[in-house]
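A.B. asks: Combine the two chains into a complex, taking the hints into account.
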Amino acid sequence: MHLKRDPDAGSPGSAGRQPFQDVGALVQGFGQLNYVADRALATAVFLAVQLRKPLLIEGHAGLGKTEVAKVLASLLETTLIRLQCYEGLDVNSAVYEWNYQKQLLAIKIEEKSDLTVEEKERHIFSKEFLLERPLLQSILAETASPVLLIDEIDRADEAFEAFLLELLSDFQITVPEMGTIKARHIPYVILTSNSTRELSDALKRRCFYHWIDYPSLEKEMKIVSTHLPSMEADLRSDVVRFVHAVRQLDLAKPPGVAETLDCGQAVMSLGKHRLDEEVVEVTLGCLAKSMEDGQKIKDAGIRELLGNSE
Amino acid sequence: MEQQRAAYSTESVVAFCRFASANGLSGGLHRSLAALRAVKAVGSGDREALRFALRAALCCSKAEWDLFDGLFKAFEETSQRTPEAGPGRQKKTAEGSSQREAPRQHLLGYDAGDTKPETEGKTVVGASARERLATVDFSQVPQNDLARLEVLSLRLLRQMSLRLSRRLKSGYRPGPTDLRRTIRRNLAHGGEPIVLAWRNRRPRRNRLLIFLDVSGSMNAYSIFLLKFAYALEKHFRQVDTFLFSTSVVDVSDALRARRLSGALEKLSQLAAGWSAGTKIGASLHELNRVHSRKLRAGDTIFMILSDGWDTGAPEMLASELRAIRHRVRRVIWLNPLLGLADYEPVTRGMAAALPHIDVFAPAHNLESLLALERHL
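The listed protein sequences correspond, in order, to chains A and B.
Its first residue numbered 94, the first sequence is counted upward by one per residue in this note's numbering.
Its first residue numbered 66, the second sequence is counted upward by one per residue in this note's numbering.
Treat the hints with care, as some may be off.
[Said to hold, decoys possible] Sample of chain B residues at the chain A side, in silico, Cβ under 10 angstroms:
hint : residue
1    : Glu113
2    : Thr247
3    : Arg387
[What the hints assert, rightly or not] Label pairs and their in silico Cβ distance ranges:
hint : chain 1 : residue 1 : chain 2 : residue 2 : range
4    : A       : Ala345    : B       : Val424    : 53 to 61 angstroms
5    : B       : Gly93     : A       : Ala118    : 26 to 34 angstroms
6    : A       : Val184    : B       : Val79     : 15 to 23 angstroms
7    : B       : Arg387    : A       : Gln121    : 43 to 51 angstroms
8    : B       : Asp134    : A       : Asn127    : 50 to 58 angstroms
9    : B       : Asp134    : A       : Gln121    : 37 to 45 angstroms
10   : A       : Ser293    : B       : Arg387    : 28 to 36 angstroms
11   : A       : Asn127    : B       : Thr376    : 49 to 57 angstroms
12   : A       : Thr289    : B       : Gly327    : 44 to 52 angstroms
13   : B       : Asp134    : A       : Glu397    : 28 to 36 angstroms
[Unchecked claim] Rough simulated footprint, nothing fancy, chain A against chain B, three-plus residues with beta-carbon under 8 angstroms:
hint : region
14   : 305–313
15   : 410–423
Derived from the structure by calculation, the hints contain no laboratory data.
Backbone N, C-alpha and C define an ideal beta-carbon position, used for all residues, glycine too.
With the rest of the complex left out, here is chain B (with noise of 0.2 angstroms):
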């Protein structure tokens, strides 16, 4: 009892608030100070009643809610176990930023003593593609094909094609008229309505999702693409990167970073699962599920980057391929394996693949993203 009497001190919540915000959970002065005034409101309830409350004011998204009761449990046991909060809690959350570290570390899983220098900016060519390589460096990445890459990316963005807004704006086309403004415009003629003015429909750029594979047998041109997507990452809020092989990660963040370096270090921070195996289909699933909120109906470019060498079952890879077509507004795969000179997609994963794609291109050098610009 005195347990529970203690846990509704303001002292606790502030304590539970930091703890939550050190966990994960959005944090902020605003948001510790709507938990205690949403304790105080619910008055002297039960511990659920306290539950409920502190989730209400502290949540603000699916994540954070399914977040929360272990958050709450965990941040109860360790007051129970330490009487005084303070330096439980700090030791808690310090232990668990620890735990949290490792396994990340523990993923990433190469020795970045072991390099290679086998990632050049002209290593992309077609023998080496199946080459499997062992080791990732990102420190060996030439900067070289960034500045081109660059001026590419500018291009290829302006020139994406604007979707129309249904929102309208005066324009000066033909269309709906904008009474306000016909009246503003015929003030001079007495209000006689003689110069009509227009609205129209205004343009929005597309959002782009590039969805880019580092597994194995991408090696070769992994390093090359994603410098590709920072390229685009860096000049445009718009585009969204995401890294899959038998998992996705989103790692848009990370490429936002000012220069290549600091980008290629962020990412070597996330487990991407460089070099595994490659589950497009289970990839697309987790995407559609996951994320779906990236993939915004109606004015998103999925652009999918990947040699279609998949183990997992084709049917999925074309279902799932199929619901996120559904969705945005087209589908663009990059195969890098294309730019040979006798490939066919007949692997099992690109034939299922296939008939749920807008636009199939090559994209094993510069060259061949330029020739992109016609299709965004």
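Extracted from the complex, chain A is given alone in its bound form (with noise of 0.2 angstroms):
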């Protein structure tokens, strides 16, 4: 509601219509990207797109959510703009910079010639001097409603927090030299958050919220089988079950779906049909990322945890 515009206006036969017309439809679509979502999923990126409303994803490391960004991109055929958030990010970073050696070299070149000040001024400040970052790109597309993904906006800090929320509510940013950029096409924005901090409750209610959590057995194995098709059902099965054995343990870090891929893609490298203790003992640094971690492992008894699966 807090979008003024109409997201389409303007843009007539653009991509902006959308291949999906319900969540069903969505779901296939992911389907066919190599996506498995569940409903939940599916639904929380419709109303996104629907509404235009930002989606908040949080969840572990290592289940999907910047996929989900990228997924949506190639289903609507326009292009993702990612922004890396990290400590220390800044509007120059995120928005746009002027590149100053071009200009001064510009100012130089431009000393000889007879350009009255204010033509010098207006060639010096024009789009060639201007480096677009992220932010600024995702506002200037020209053709279509482009997917911004905000990877990690709890590493950056509450003070681009708060500018984000800027951007967010009116889609338009002002570049003092220019003047105002409004959004001919209003993105799809899709945050992330590994959630090692509280992000601000104005942020928040602006999005839409959706918590991903560790698949079930049923959905990681069909995950598998949709990312690794010549694994063999055995072995597939095989380490599903141990991953979720091993998530039953008290990590640190664990283990992720994108871990359950990189576990059995080592495991069929090796030229194994099953997983067995001596398999996982060579293996366990696809699961266990830290000393303390693969120890705890072991403590428990692979043996058992293989058993236990079963």
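C.D. replies: Structure follows, in structure tokens:
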């Protein structure tokens, strides 16, 4: 409701028409692009696209948060613009920056020309010298609404979050030398967070929310078979069940789906057909990401974990 | 079917939003509108579609996400019992809140009438340390220490070491060049870069997390230390306080009351397990799991106030404390017993914890707290 513009205004015949009419179609679309989405996630994405509201996805690492944006972009056949947040991210590297070196050179070159000062100024502060960073790019999109992925927003500081709020409500950016730039096509915004810190209420209020949890056994089987189609069914079941047993342990970093896939890939490259104690031990690094976690898995007994899982 | 149809009407969606916000979800007109639009957008789907849409629109954190399904179910049940959702909902809400009140009062479990004037400002002497006191009455807390504590806390926090942020701002010491400002500054020289501007790292204050033991063995000190925490909270937002004995309670909000008496009154509403047993390891574990967002990497100083008498497994205490130390900037353990002349940290818990502590200091009176200045 904070979007005052009609999102499709001024873009007749653009790719703004969504290729999916309801949540079911979206689940299918994601499935065709090798992303196994449950209905809850599909509903959230569907709403975000339909109502043009940002979608905040939280969850542990390695569960496919970032992937949602990538898949959505290819489903909508539009570009994906990604802003990776990090500590110390500032407006200069997120929105725009003038190309100062080039400007200085241009000033030198134009010293001898008989352009007026105004003309020179206009030239130096023209688009040619503007370095577009992700947020500005997303607003300048020419033909269709891009998907803007703001990854790991919890890593940026509160000040940046406040700035983002402004952008997400108006979709316009002011460059003092050029004036205000308003989005022609309002981007679909997806934010992800590993929830290492609490986000501000104001930001959360503006978004739809989805929490990605570890997948159920069946869902993870489906994911593995989608991504590693050449894997034998027995081995797949072994790996997924083992990972599920490992997740029950109290690890500092429980393995995500990405780790399951890594592990499956590793076991396959070793030419094994079933998962046994020996194979697990050599591929333990795929699942346990610290010495302590590895030790915990060993202490729990790999045989027991494999046995438990049957 | 009739029921299901009814569940999609505007009134029932709004009724649900109000029900949800009365029972723990963050509500508001904004959220209700979002929910209505969401329900409209998914169209006339089934019950699941409605649930997913409402959940995406109304939740905004993992805690709310976990709460949602229960609320949704409860609401459905009530609206099924009483077809006209209005009064039924009201009743349910009232019931829910009174049910939540009841165990809290039960957990609180002490008789306010049975008070002893044991908590005077200077009762924190070693000999009384192991006296187990049956009741705690906050109203008996004298206020005379407070002014001194506040002065002290101000001094402490001013001294708190600054940490450099990774974000750059323009500065006066040589560093990476700030081209934007360099150009601006040299306009007078016709754009020739003669005076350079630099970018430096910006200082940022550390955050402080106070983890205060209120178990039986700490009775003599906990009120005094709580006042210390109150004084810190009062002046600085970046202080979080948790109480623990067998479980952990976040009391930061309660301590931010304007007056100490108000803060203590709020505290007595919280079931904090006063004078219960001590499970430091389990409490640290809970802190690590549930409140890990407060342990912000790099800029948090973790201050635990406890005598180290632990009834849990010392291995757990050691491993949890190590996990915390990995996350935070510094671990400070303040032990009131350290003020006793012949105290040796030989209890199993304390011995297990020692390798994972950066600063081990006494905290039995004001002077010992003043000495903290050096470590923050």
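A.B. asks: Hint by hint, note whether the structure agrees.
C.D. replies: Checked hints:
The restraint placing glutamate 113 (chain B) at the interface with chain A holds, with a minimum CB-CB distance near 6 angstroms, inside the 10 angstroms limit. A least Cβ separation of about 8 angstroms between threonine 247 (chain B) and chain A falls short of the 10 angstroms threshold, and the interface hint therefore holds. Interface restraint check: arginine 387 (chain B) against chain A, minimum CB-CB distance 9 angstroms, threshold 10 angstroms, status holds. Range check, alanine 345 (chain A) to valine 424 (chain B): about 25 angstroms between beta-carbon atoms, so the 53 to 61 angstroms window is missed.
A beta carbon spacing of about 32 angstroms between glycine 93 (chain B) and alanine 118 (chain A) agrees with the range 26 to 34 angstroms that was offered as a hint. Here the CB-CB span from valine 184 (chain A) to valine 79 (chain B) is close to 39 angstroms, at odds with the stated 15 to 23 angstroms. The hinted range of 43 to 51 angstroms is satisfied by arginine 387 (chain B) and glutamine 121 (chain A), whose Cβ atoms lie roughly 48 angstroms apart. At roughly 29 angstroms, the beta-carbon separation of aspartate 134 (chain B) and asparagine 127 (chain A) lies outside the given 50 to 58 angstroms, and the hint is violated.
Hint check: aspartate 134 (chain B) to glutamine 121 (chain A), Cβ distance near 25 angstroms, so the stated range 37 to 45 angstroms is violated. Between serine 293 (chain A) and arginine 387 (chain B), the C-beta spacing of about 32 angstroms keeps the proposed range 28 to 36 angstroms intact. For the pair asparagine 127 (chain A) and threonine 376 (chain B), the beta carbons lie near 52 angstroms from each other, so the given range of 49 to 57 angstroms is met. Range check, threonine 289 (chain A) to glycine 327 (chain B): about 33 angstroms between beta-carbon atoms, so the 44 to 52 angstroms window is missed.
Look at aspartate 134 (chain B) against glutamate 397 (chain A): about 32 angstroms separates their beta carbons, and that is inside 28 to 36 angstroms. Counting residues of the region 305–313 of chain B whose CB falls under 8 angstroms from any CB of chain A gives 0; the rule of at least 3 is not met. For the region 410–423 of chain B, the proposed coverage by chain A is not satisfied: 0 residues have a C-beta within less than 8 angstroms of a C-beta in that chain, short of the threshold of three.
Hint violations for this structure: numbers 4, 6, 8, 9, 12, 14, 15, all remaining hints satisfied.
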